[in-house]
Amino acid sequence: KNEVEQSPQNLTAQEGEFITINCSYSVGISALHWLQQHPGGGIVSLFMLSSGKKKHGRLIATINIQEKHSSLHITASHPRDSAVYICAVKETSGSRLTFGEGTQLTVNP
Amino acid sequence: DAGVIQSPRHEVTEMGQEVTLRCKPISGHDYLFWYRQTMMRGLELLIYFNNNVPIDDSGMPEDRFSAKMPNASFSTLKIQPSEPRDSAVYFCASALTHGDTQYFGPGTRLTVL
Chain A
77 KNEVEQSPQN LTAQEGEFIT INCSYSVGIS ALHWLQQHPG GGIVSLFMLS
127 SGKKKHGRLI ATINIQEKHS SLHITASHPR DSAVYICAVK ETSGSRLTFG
177 EGTQLTVNP
Chain B
4 DAGVIQSPRH EVTEMGQEVT LRCKPISGHD YLFWYRQTMM RGLELLIYFN
54 NNVPIDDSGM PEDRFSAKMP NASFSTLKIQ PSEPRDSAVY FCASALTHGD
104 TQYFGPGTRL TVL
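Line by line, the protein sequences give chains A and B. Heads up: the first sequence begins at 77 in the numbering used here, then just goes up one per residue. Heads up: the second sequence begins at 4 in the numbering used here, then just goes up one per residue.
If you are wondering where the hints come from, they were derived from the structure by calculation, not from laboratory data. On a predicted model such as this, the values are computed, not experimentally measured, just so you know. Hints should not be assumed to be uniformly reliable.
To be verified - Sample of chain B residues lacking proximity to chain A, with all beta carbon distances greater than 12 Å (derived):
id : residue
1  : 11
2  : 19
3  : 36
4  : 55
5  : 81
Unchecked claim - Here are a few chain A residues that face chain B, going by a calculated C-beta distance under 7 Å:
id : residue
6  : 94
7  : 118
8  : 122
9  : 125
10 : 169
11 : 172
12 : 177
Glycine residues also receive a C-beta, built at the ideal position from the N, C-alpha and C atoms.
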């Protein structure tokens, strides 16, 4: 069993839909990252959170430490949101990140 | 700031050759990370440095891989000898402090024939 699991693996949505990507982990963590990897390969850090909720534009990330679960929401999705979204956790000891396998999101116009 | 800089962006080499990947972190960042991404295994941490000192190299696949950080503004990842299974995208990332957001470079796409 992977330490970090994401669901779904693939997601196709119509423009304007509300999207949720989930991440569950099995280790003790001090922080959780959501990353976005564009079709060209570049990786951008979207959020780093250790509790509660963060919002940036149409993106919202939440984390429940007790349940070891995080969600990334995209409101009013747009084709330019099409990318791979990767969840990564920073374990309590050290600075290394452990990555989920990613969720491929495709938003159709 | 220019962000994390990696070179080369693409490298094609023949099996058995030495490959050197380079990274310049964001100025002032104390942490530097090397990652590898493949279709089969996704993103994996290879090694990370704090203040130029290697802290965790447990992700380095084998002795053919080595990484150095001679100063705060430069790091190398070397593969010698390279093998076709080393073909991947190698990312470098840096962070200001322990636990801070990591900023990724554009990656080096390595193809070993």
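Tested hints:
Even its closest Cβ contact with chain A, about 14 Å, leaves residue 11 of chain B beyond 12 Å, as expected for a residue assigned away from the interface. With a minimum CB-CB distance of about 27 Å to chain A, residue 19 of chain B clears the 12 Å threshold, and the non-interface call stands. The claim that residue 36 of chain B lies off the interface is violated: its Cβ sits roughly 8 Å from the closest Cβ of chain A, which falls inside the 12 Å cut-off. Non-interface status of residue 55 of chain B relative to chain A is upheld: no Cβ of that chain comes within 12 Å, the nearest being about 15 Å off.
Annotated as non-interface, residue 81 of chain B keeps its C-beta farther than 12 Å from every C-beta of chain A; the closest such distance is 21 Å. Of the supplied interface hints, the one on residue 94 of chain A is violated, with its beta-carbon coming no nearer than about 26 Å to a beta-carbon of chain B, more than 7 Å. The beta carbon of residue 118 of chain A comes within 6 Å of a beta carbon in chain B, closer than 7 Å, and the hint placing it at the interface holds. Taken as an interface hint, residue 122 of chain A does not check out: its beta carbon lies about 10 Å from the nearest beta carbon of chain B, beyond 7 Å.
At its closest, the beta carbon of residue 125 of chain A sits 11 Å from a beta carbon of chain B; the interface hint therefore is violated under the 7 Å criterion. Because the beta carbon of residue 169 of chain A sits about 10 Å from the nearest beta carbon in chain B, more than 7 Å, this interface hint is broken. Restraint check, residue 172 of chain A versus chain B: the minimum CB separation of about 5 Å is within 7 Å; hint holds. Hint status for residue 177 of chain A relative to chain B: holds, with the closest Cβ pair at about 5 Å, below 7 Å.
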